[in-house]
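So you can see what is in the structure, the chains are spelled out below.
There are 2 protein chains.
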Amino acid sequence: MGHISIPRLTHHIGQTVTLRGWVQTLRDQKHMQFIILRNPTGTVQVALEKQQNPGLAKIASTLTRESAVRLTGRVVQNPHVRLGGIEIHLADLHIENRAASPLPIEPFGKGLPGLEPRLNWRHLDLRRPESHLLFQVQTTVEAAMRNFWYQEGFIEIHTPKLMGSASESGAELFELPYFDTTAYLAQSSQFYKQMAMAAGFDKVFEIGPVFRANPSFTSRHDTEFTSVDVEIAWIESHADLMAFEEQWLCDVLSTVRNTHGEAIAEHFGSEIIVPERPFPHIAMEEAVARLAERGYTPPSEKLGDLCPQGERLLGEYIRETFGHEFVFLTDYPVSVRPFYHRRYPENLAVTKSFDLLWKGLELTTGAQREHRPDILAAQAQEKGLLLEPLRFYLDFFKYGCPPHGGFGFGLTRMLMVLLGCNNVREVTYLWGPKRLYP
Amino acid sequence: MGHISIPRLTHHIGQTVTLRGWVQTLRDQKHMQFIILRNPTGTVQVALEKQQNPGLAKIASTLTRESAVRLTGRVVQNPHVRLGGIEIHLADLHIENRAASPLPIEPFGKGLPGLEPRLNWRHLDLRRPESHLLFQVQTTVEAAMRNFWYQEGFIEIHTPKLMGSASESGAELFELPYFDTTAYLAQSSQFYKQMAMAAGFDKVFEIGPVFRANPSFTSRHDTEFTSVDVEIAWIESHADLMAFEEQWLCDVLSTVRNTHGEAIAEHFGSEIIVPERPFPHIAMEEAVARLAERGYTPPSEKLGDLCPQGERLLGEYIRETFGHEFVFLTDYPVSVRPFYHRRYPENLAVTKSFDLLWKGLELTTGAQREHRPDILAAQAQEKGLLLEPLRFYLDFFKYGCPPHGGFGFGLTRMLMVLLGCNNVREVTYLWGPKRLYP
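Going line by line, the protein sequences match chains Y and S. One rule links them: number in this note's numbering = place in the first sequence (from 1) + 36. One rule links them: number in this note's numbering = place in the second sequence (from 1) + 36.
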């Protein structure tokens, strides 16, 4: 199952080894055959002098690029070989799976294919070492997030993805027949993670899929994506959440830099900067005023909010003013926030909420929640919601629900900024919505 | 946000502390008031001599059981108090959220309510320390699984839950309108994790939801559950997978025993035994023969397979014969396995597959996969499947897919056996299918 590490073959000179991997290139010359074999540990040259073993040469001559092979040979020093001064003298070759030819896309050709064909042939596109690195980074990011939570005593929950009513609003909701009734796909774990607060769990997290019936084809949206969710009880205000989140994020970025910093620089040309704490904060009202000075007007339908372009401009303003890549944008007006966000007692038009932007891209929406049942119900009605479909949710607050709050965090958006990619599709394992097979 | 640990209050004698938690009981006597305060760290008695602070006594007298409160008081030694010989002399009390009275269920009453009312009021049911422990155990189980994978160089993937065609069969499939087409909820990550193999990822895992439109109300089934999925490239046979799985599982059980063994014994009366390796193996044909000797006949529609009762009997046979709680049941006939399971070259009627049973309950189905495209397509057609909806999947095997295999593992089933519960509903955070709100 495991591989002998190709970079460590220098420790096996003179020995016979078995290697598994893919035929990245094949040169079939008059007297010699050369294979560049690739596997997740690296690439190595394999050579065969044809007259030494004509039967084996015949098998090798049937190879196609990207075929999966298992081969055996002796490790030999050869200072003329560019790949580590090492080559394998082929002794045996088994073709596990011959690649059809031509390949539908050329993952290793000069110049990448376009994004569409790459996504159509994702399993070939993912063979590039950059793609492997991307998912190694994702693995490290999540491991670091989790380790931080474990140390802080968080409990992991798996909330239902099939719901009986809309979690936040009726818009962008997938609906499906569920035996003799109707169910909806969860747009977030919002209500369910709040249930954990009502259950007396101090701190919970979940990493899981959420669904938005948004036919949008922008570079920032998806109908299905991985949401990172955190909810914490007994907070004083949303300031506790921001302090938590920035500490957590610095820890994660520090781990990513230590583990993959060099490889990310090499493959993505992106430098990981572990940000200084505390992150800059700016209230929405002030952000709008600062951006107005720079000639930005929010779209009329988003009064008191920013559009993605405004967020980018704010990112630039923060970078220029504070030399920081992150900013907590706080104190959103009630009009642009969901009913369950808590409001300032001294200013009921403003919520105790925040977004976190990284280089001008929204990663997080968070807030202290309203946990007083009468006020919560009134806020829902004020937003035009019916109380009956919310009954199960509103019941969470009737029997001793502590003050709490939390945030949701977009994993793919973070990876996008981290690696300097331009599109969530590149950092998503298999991107819909049109690409539904299988 | 954090709590002062109640068991460690003995280190704070004479000090004034602030505690947060729930009013588990309240005794309002003529001269004294006593509250038992509970939070995730434990329970402690809080006392107030009424005439010392009549205003505070008045507030305390309005308390109801399960209200969420924040209180301040002095830590005092009192050898008459059963809870650690400690009590808090109340100085201040803030009711964060008053519980309505009566409670719809009594989580701390004598005798548990029935399972239905408990699930209907899950946020109250989850307040019991056993429930907290259950989800702490789940958190530890998943952390241990992941740590093992991280050390082995696994990559974490998040596969789509919205699919364009059935992943395994058309049965038990949730279907939903997806813009101008139809999508299906993934019944497993099977095809997608195999895509990672075609992409040259060596070892991948995923923990995520899967969906089965099974209206079944047995104690072992759910329409949505958390599946633990593993897929490994370059295996020689399914024996590699079983060897991996048993090592992984022993590591997880050892961590659970070290972390929660005593608490599990106290709350669930269940002892965690880290099993000996290798686990017993038995081929299906032999299992059927051994059970026939004990008077068991498999149902005619499952010829060559066992029904749940047969699995329980096999668990008993293995325990009696080998003194072991686990058994790998191997070599299922083709008729009861999906088309993509690889077959023995010397016996094409039998698959290189296995289930893992724990105390007679199936936890895992695994197999080496057929990775040769022509044979795979032929096996699909033999099962009556159309190739066109499988096109995207079959393409994985055309361009150099290495030999591979993997298994799926039911998280809730494992927790059920681990804690000696009788029903997946008890170990599921919020159980459907009828309980769809929110």
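Honestly, I wouldn't trust all of these hints.
No distinction is drawn between identical chains; accordingly, a pair holds when it is met within one copy or between any pair of copies.
What the hints assert, rightly or not - Result set (DSS-like, lysine-lysine): computed pairs, CA atoms no more than 27 angstroms apart in a straight line:
#, residue 1, residue 2
1, Lys146, Lys419
2, Lys395, Lys86
3, Lys395, Lys94
4, Lys338, Lys66
5, Lys338, Lys86
6, Lys66, Lys419
7, Lys146, Lys434
8, Lys419, Lys94
9, Lys94, Lys66
10, Lys66, Lys86
11, Lys419, Lys434
12, Lys66, Lys395
13, Lys338, Lys146
14, Lys94, Lys434
15, Lys338, Lys434
For the record, the hints were derived by calculation from the structure and aren't laboratory data.
A quick look at each hint next to the structure:
no., hint, in the structure
1, Lys146 with Lys419, "neither (55 angstroms within a copy, 42 angstroms between copies)"
2, Lys395 with Lys86, "neither (56 angstroms within a copy, 58 angstroms between copies)"
3, Lys395 with Lys94, "neither (55 angstroms within a copy, 53 angstroms between copies)"
4, Lys338 with Lys66, "neither (70 angstroms within a copy, 59 angstroms between copies)"
5, Lys338 with Lys86, "neither (71 angstroms within a copy, 55 angstroms between copies)"
6, Lys66 with Lys419, "neither (78 angstroms within a copy, 47 angstroms between copies)"
7, Lys146 with Lys434, "between (63 angstroms within a copy, 23 angstroms between copies)"
8, Lys419 with Lys94, "neither (74 angstroms within a copy, 37 angstroms between copies)"
9, Lys94 with Lys66, "within (12 angstroms within a copy, 100 angstroms between copies)"
10, Lys66 with Lys86, "within (8 angstroms within a copy, 103 angstroms between copies)"
11, Lys419 with Lys434, "within (21 angstroms within a copy, 54 angstroms between copies)"
12, Lys66 with Lys395, "neither (55 angstroms within a copy, 63 angstroms between copies)"
13, Lys338 with Lys146, "neither (44 angstroms within a copy, 54 angstroms between copies)"
14, Lys94 with Lys434, "between (78 angstroms within a copy, 22 angstroms between copies)"
15, Lys338 with Lys434, "neither (34 angstroms within a copy, 50 angstroms between copies)"
Violated hints for the displayed structure, listed by number in ascending order: 1, 2, 3, 4, 5, 6, 8, 12, 13, 15.
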